[in-house]
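What follows is each chain in one-letter form.
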Amino acid sequence: MGTSAQYFKNIKETVFSIFEGMAVSGSHFMRKPYTVQYPDRTDVRVQDTLPFRYRGILEVDLEICTGCLACERACPIDCIVISAEKDPKTKAMVLAQFDIDIIKCMYCGLCSEPCPTGSIHHTTEFEGADYSTESMIRRFVKDPVLAYKPKKGPETDPQILPILNRGLRYLSEYEVSGEKFGKPPTDDAA
Amino acid sequence: MQQLVNNIIASGAFGKNPPRDLIDALFIFIFSAIVFLGVAFPFAGIVSWAERRVWGRIQSRIGPNRVGPQGFLQWLADGVKNCCKEDIIPTDADAPLFKMAPYLVILAFVVPWAVMPFSQDLILADLNVGILYFTSVTALTVVGVLMAGWASNDKWSLIGGIRSAAQIVSYEIPAGLSIFPVVLITGTLSMQGIIKAQGWSPNTWFMFSNPFCFVAANILFISALAEGNRTPFDLPEAESELVAGFATEYSGMRYLFFFMAEWGNLFLIGALITTLFLGGWQFPHVSQNRIVMNLLELVAFNAKVLFIVFFSMWIRATLPRVRIDQLMSLCWKYFVPISFLDMIGTAIWVAIWPNGNPVAGWILFALGVVALMLFVRRIMYYLKRSRMELYYSPII
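Protein chains in written order, with the numbering used here: chain E, 1 to 190; chain A, 1001 to 1396.
To be clear, the hints were calculated from the coordinates, so they are not data collected in a lab. Since the structure is predicted, the reported quantities are computational estimates derived from the model, not experimental observations. Among the hints, erroneous ones may be present.
Claimed, not checked - Computed footprint of chain A on chain E, listed as stretches where at least three residues anywhere in the stretch have a Cβ under 8 Å from a Cβ of chain A:
{"no.": "1", "stretch": "21-27"}
{"no.": "2", "stretch": "30-43"}
As the list claims (entries may be wrong) - Listed below are the simulated BS3-like cross-link pairs for lysine-lysine, each with C-alpha atoms no more than 27 Å apart in a straight line:
{"no.": "3", "chain 1": "E", "residue 1": "Lys89", "chain 2": "E", "residue 2": "Lys9"}
{"no.": "4", "chain 1": "A", "residue 1": "Lys1333", "chain 2": "E", "residue 2": "Lys9"}
{"no.": "5", "chain 1": "A", "residue 1": "Lys1333", "chain 2": "E", "residue 2": "Lys12"}
{"no.": "6", "chain 1": "E", "residue 1": "Lys91", "chain 2": "E", "residue 2": "Lys9"}
{"no.": "7", "chain 1": "E", "residue 1": "Lys32", "chain 2": "A", "residue 2": "Lys1333"}
{"no.": "8", "chain 1": "E", "residue 1": "Lys89", "chain 2": "E", "residue 2": "Lys149"}
{"no.": "9", "chain 1": "E", "residue 1": "Lys104", "chain 2": "E", "residue 2": "Lys152"}
{"no.": "10", "chain 1": "E", "residue 1": "Lys32", "chain 2": "E", "residue 2": "Lys89"}
{"no.": "11", "chain 1": "E", "residue 1": "Lys32", "chain 2": "E", "residue 2": "Lys86"}
Said to hold, decoys possible - Sample of chain A residues at the chain E side, in silico, Cβ under 8 Å:
{"no.": "12", "residue": "Pro1064"}
{"no.": "13", "residue": "Lys1085"}
{"no.": "14", "residue": "Val1137"}
{"no.": "15", "residue": "Thr1318"}
{"no.": "16", "residue": "Leu1319"}
{"no.": "17", "residue": "Tyr1334"}
{"no.": "18", "residue": "Val1336"}
{"no.": "19", "residue": "Ser1386"}
{"no.": "20", "residue": "Met1388"}
{"no.": "21", "residue": "Glu1389"}
{"no.": "22", "residue": "Tyr1392"}
{"no.": "23", "residue": "Ile1396"}
Don't be surprised by glycine CBs; every beta carbon is placed ideally from N, CA and C.
Using the sequences plus the hints, can you model the full thing?
The structure is reproduced here in structure tokens:
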């Protein structure tokens, strides 16, 4: 190809490639932006879009906590502090303190696995920032309460039943059944 | 404007025997303050916000939309933030030059507004060398940029400044040569004279008056982008290689001045193209009222300018930065010879048809419309291929 032919070819290619490029970027004006305007301008709260098994900040349903201390023993970094004592008169377990230090928590999920009722479990809540370390300690027991005592038969109390069902759902979703990593979660598990 | 001042003085507002030169100076001060503080600086600020919104949409983002309605006050927030910052002057810098450079750049940005033809009466000074004045004072930028690069006493700044000087000086030639076809046709350098030689309908615009002018308009636009240090020619500020080029050592308000001039230059680019090739403020004569006509012309002029501004934002979001050798070969191997040919071609054209060829205007305009339709079709093709959710509103 001669030099002059190359010259005009260059001009032609420049014009046409800019034409194409401008058309591509022009088409982007009409496309919907991908941006999610977290936190205040989303259609749904981001927490509600997360899966059920999401390991967010720990939560305890005191209504179904048996005070077995399995979670406290399982925690590798001791961020859970529980004091549960048997009341000498009534022989019932009384929870006086149930603190989780979410600064220390590393969201490993080891505490929620041994829980017999699924009382301690992860939520989809992840916004943990605060102004003081003291306020980062979640104190679940305000006044000493009686621990939950599993019934022999099915649960009858209509107030506790939905909480217990939810807790058991956490357990079944984390259950390891023979295979190495458990069954893959299914949507109809709920 | 001179007439307005004469009327005010004649009405006796300043006493019987007023000091003429002092009053003139006062009015010059007032008019410049109105234009610079009321038009030029806010425009530069608002463009900085609009540009970020336009880029955002092109990149499938949103852009600033929090400060004020749709983020409209973002430019004020940025300006106040920059003014509150410390004005650092490096120890080894040449302090007087370092301090002076941003003012020279801003000077080159505000001075051309004196000949900005907003409408048939709204012009500060209709100089008979208007377009020459315009191109020569905008080229003052190079002094400020080179001064900033040298005075910073920093290798990045120096390379940025030298690059900018090379770029602006080179692109002055095709830009100047692309103005000549219009001057050849009209026989005047005055901004108003050039606009009055065109009509409101697109076939009378100089862009479509003959094929050479069409090419010249495109060359002028690209050269003006290069002179304004706009992408794809923003080599002086190439952050991947030069940190921030000549603005590396600047901070606070002085840094703001550089970028205000850069964004404000978009209006100057648009005004230059609009005046020379797109019929300026020309508007159909729909009203006998002079004020109404002036307002309509103001709207027409600004609409054209803002379209050019929008188009250069679009280009900035689309094209990657060119290399310095590509920049130079584009200027010297392509633009300079082609704009010489344009000038000669227009001269021959004017010799053959001294009063212009109306058929050529319609044919070129029709070709332009066809090209636009092909472009829109191409956009629709890419939209269809992307299979994405569409969202037409600019508000989000």
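Hints, verified against the model:
no., hint, in the structure
1, 21-27, "holds (count 7)"
2, 30-43, "holds (count 7)"
3, Lys89(E) / Lys9(E), "violated, 99 Å"
4, Lys1333(A) / Lys9(E), "holds, 14 Å"
5, Lys1333(A) / Lys12(E), "holds, 15 Å"
6, Lys91(E) / Lys9(E), "violated, 95 Å"
7, Lys32(E) / Lys1333(A), "violated, 42 Å"
8, Lys89(E) / Lys149(E), "holds, 16 Å"
9, Lys104(E) / Lys152(E), "violated, 37 Å"
10, Lys32(E) / Lys89(E), "violated, 67 Å"
11, Lys32(E) / Lys86(E), "violated, 61 Å"
12, Pro1064, "violated, 12 Å"
13, Lys1085, "violated, 27 Å"
14, Val1137, "violated, 30 Å"
15, Thr1318, "holds, 4 Å"
16, Leu1319, "holds, 6 Å"
17, Tyr1334, "holds, 7 Å"
18, Val1336, "violated, 13 Å"
19, Ser1386, "holds, 6 Å"
20, Met1388, "holds, 5 Å"
21, Glu1389, "holds, 4 Å"
22, Tyr1392, "holds, 6 Å"
23, Ile1396, "holds, 7 Å"
In terms of the numbered hints stated before, the structure departs from hints 3, 6, 7, 9, 10, 11, 12, 13, 14 and 18, listed from lowest to highest.
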